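**Q** Residue strings, one per chain:
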Amino acid sequence: MVSVSKAKAPAFAAILAAALAGCASTPSQNPQISAIEASLAAAYGNKFTAEHGQADLMKAESSLAAARIADRKGRNGEMQHEITMAENYVALGRIHGDQARTIAETAFERDRQDQIRLASRDRDVRRANNRADMSDAEAAAANAATDSANNRADASQADAVAANAATDNANDRAQNSRADAITAKNDARVANDRALSSQADAVAANAATDNANDRAQNSRADALTAKNDARIANNRALSSQAETAVAVAGQQSAEAKLAAMQSQLSMYDMKYTALGATLVLRDVMFTVDSSLLLPGSITRLEPLIAYLRASPSTSVTIEGHTDNSGTAAHNNTLSLDRANSVRRALTADSSVSNAMETKGYGQDKPVATNATVSGREQNRRVEITLQ
Amino acid sequence: MNSFTPFRSGARAARALVAAALLSAGFLSPAFAAELDAKLAIARAQASIDLISKENPAATSEQSFVRAQQALLNAQDAERKNDNREAVWFATESEVMAERTLAAAKLADLEKARLATNTNANILQLELRSK
Chain A
1 MVSVSKAKAP AFAAILAAAL AGCASTPSQN PQISAIEASL AAAYGNKFTA
51 EHGQADLMKA ESSLAAARIA DRKGRNGEMQ HEITMAENYV ALGRIHGDQA
101 RTIAETAFER DRQDQIRLAS RDRDVRRANN RADMSDAEAA AANAATDSAN
151 NRADASQADA VAANAATDNA NDRAQNSRAD AITAKNDARV ANDRALSSQA
201 DAVAANAATD NANDRAQNSR ADALTAKNDA RIANNRALSS QAETAVAVAG
251 QQSAEAKLAA MQSQLSMYDM KYTALGATLV LRDVMFTVDS SLLLPGSITR
301 LEPLIAYLRA SPSTSVTIEG HTDNSGTAAH NNTLSLDRAN SVRRALTADS
351 SVSNAMETKG YGQDKPVATN ATVSGREQNR RVEITLQ
Chain B
1001 MNSFTPFRSG ARAARALVAA ALLSAGFLSP AFAAELDAKL AIARAQASID
1051 LISKENPAAT SEQSFVRAQQ ALLNAQDAER KNDNREAVWF ATESEVMAER
1101 TLAAAKLADL EKARLATNTN ANILQLELRS K
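In order, the protein sequences belong to chains A and B. Note that this note's numbering has the first sequence beginning at 1, numbered continuously upward. Note that this note's numbering has the second sequence beginning at 1001, numbered continuously upward.
Keep in mind that a hint or two might mislead.
When the alpha-carbon atoms are kept at most 30 angstroms apart in a straight line, the in silico DSSO-like pairs for lysine-lysine are as follows [stated by the list, open to error]:
1. B:Lys1106 x B:Lys1054
2. B:Lys1081 x B:Lys1039
3. B:Lys1039 x A:Lys73
4. A:Lys271 x A:Lys365
5. A:Lys359 x A:Lys271
6. B:Lys1081 x A:Lys73
7. B:Lys1106 x B:Lys1039
8. B:Lys1131 x B:Lys1112
9. B:Lys1106 x A:Lys47
10. B:Lys1054 x B:Lys1039
11. B:Lys1112 x A:Lys47
12. B:Lys1112 x B:Lys1054
Derived list of chain B stretches under chain A, where covered just means 3 residues or more per stretch with a C-beta under 8 angstroms from a C-beta of chain A [stated by the list, open to error]:
13. 1094 to 1108
14. 1113 to 1119
15. 1123 to 1129
In case anyone wonders, no lab produced these hints; they're calculated from the structure. Please read all numbers here as calculations on a predicted model, not as lab measurements. Here a beta-carbon is modelled for each residue, glycine too, at the ideal position from N, C-alpha and C.
So that you can see chain A by itself, here it is in the shape it has in the complex (with noise of 0.2 angstroms):
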């Protein structure tokens, strides 16, 4: 076996084949020897085949080279097999070249993907350094930001400083606040309980003063009563005033009336009591046993009817009475009748408008015995009371 280099190897194979070719003394007839050696020579033509299937093509050489010897001693079954193994060696030459060929273009392939990649890794770098510039832009932005910010930190920390002491101050005040809040507490504790106390004695008095106002008011409404009853005494006592002024006056009246009436009936027989004035007629004015007055009785009565027609408040009582002879029942009725009698003689004038009264006791109120004549004349009469 033959050593070479791969680098060298296709141009060994080549001055090989040419060798071979030039040791056979004609080229070969055989067409499938002349195929097998066509297909070789295009087999060293294929730069991988060359390269990478050398030895496969050297074998299919040696297979060519006896197949012709074969061919030529005429061993036609040793030329088709030597002529199958060239075959078979020329196309896995033809393989283990496109093999190469293949890893070849496998690896190209790969460096296309790894410069894509770095071109790709190559923008994304790029991009990341601008974006790291933009970043640093804003870093520094964010940086004048800060030491501005930091600036205005110190002034508020300073301000800060100031506003603690100033808290410090305040806090130191307000507890002295605290401490005055609770002496003041304290102190109005203490008012607090007075004011209680004083509360409790004002609740006191004022149970004490409700309890006087009741008594005032009570004392009021008592007092009140006292002058209604005062009041009632009063006009009771006015009205007894006037009552016995008018008592008075009319006791003066009645005197005045009486005087009058004293004057005016001096005539008559006159007894007074504290009805008023009563006068007597004696039956001289009847007829016997008759109520029929006389003619003359008329006359009689004349004094009294201008009296009554001069005093027609004055009222008037009739009253009849007889002595016992005749029955108690006759004497009744004939003093009835008697006084009736004198009543429509007084009331003929029709301006005698006294309010009058007629009654008849017969001879139930003697006056004189009627054991004896003139006893029995006393008592025929008829009494007539004005008040």
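Please build the complex by placing chain B on the supplied structure of chain A, with the hints as guidance.
**A** Below, chain B without anything else, positioned relative to chain A:
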């Protein structure tokens, strides 16, 4: 794969050398040596085909694999006919066809990887342009 199969030259020479040594020593007759050579060649071809069937089943549908199987059958048939020389020819043809099948399968895998790498590169290129 850039392997150099030795039995076409070195291995065969070694075997011939061993057979010649055994023959001169009187241990091995020429006929037995040829038979042994055929059996060894068939065994190697069978091992190559079994390896493909076991580790790369997708390659069993390749034309080269079918031809390798057919060559192995021919070799076994020739051996049965005591045609040891032809059995060795078919067995070595079967073995190189199996090797060709394996290489083609590996090439297909490499092509897939290349295509995937190319696709990824194109996608990356598009992504880069779109950014």
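**Q** Now tell me, hint by hint, if it's right for this structure.
**A** For each hint, the structure was consulted:
1. B:Lys1106 x B:Lys1054: holds (15 angstroms)
2. B:Lys1081 x B:Lys1039: holds (13 angstroms)
3. B:Lys1039 x A:Lys73: OK: Lys1039 (chain B) and Lys73 (chain A) at ~27 angstroms, within 30 angstroms.
4. A:Lys271 x A:Lys365: holds (16 angstroms)
5. A:Lys359 x A:Lys271: With Cα atoms ~19 angstroms apart, Lys359 (chain A) and Lys271 (chain A) stay inside 30 angstroms; holds.
6. B:Lys1081 x A:Lys73: holds (25 angstroms)
7. B:Lys1106 x B:Lys1039: holds (29 angstroms)
8. B:Lys1131 x B:Lys1112: holds (28 angstroms)
9. B:Lys1106 x A:Lys47: Distance ~20 angstroms between Lys1106 (chain B) and Lys47 (chain A) Cα, so the pair holds.
10. B:Lys1054 x B:Lys1039: OK: Lys1054 (chain B) and Lys1039 (chain B) at ~22 angstroms, within 30 angstroms.
11. B:Lys1112 x A:Lys47: holds (22 angstroms)
12. B:Lys1112 x B:Lys1054: Holds - the C-alpha atoms of Lys1054 (chain B) and Lys1112 (chain B) are around 21 angstroms apart, at most 30 angstroms.
13. 1094 to 1108: holds (count 8)
14. 1113 to 1119: Coverage by chain A holds for the segment 1113 to 1119 of chain B (4 residues, Cβ < 8 angstroms).
15. 1123 to 1129: Per the Cβ count (4), the hint holds.
The structure meets every hint from the earlier list without exception.
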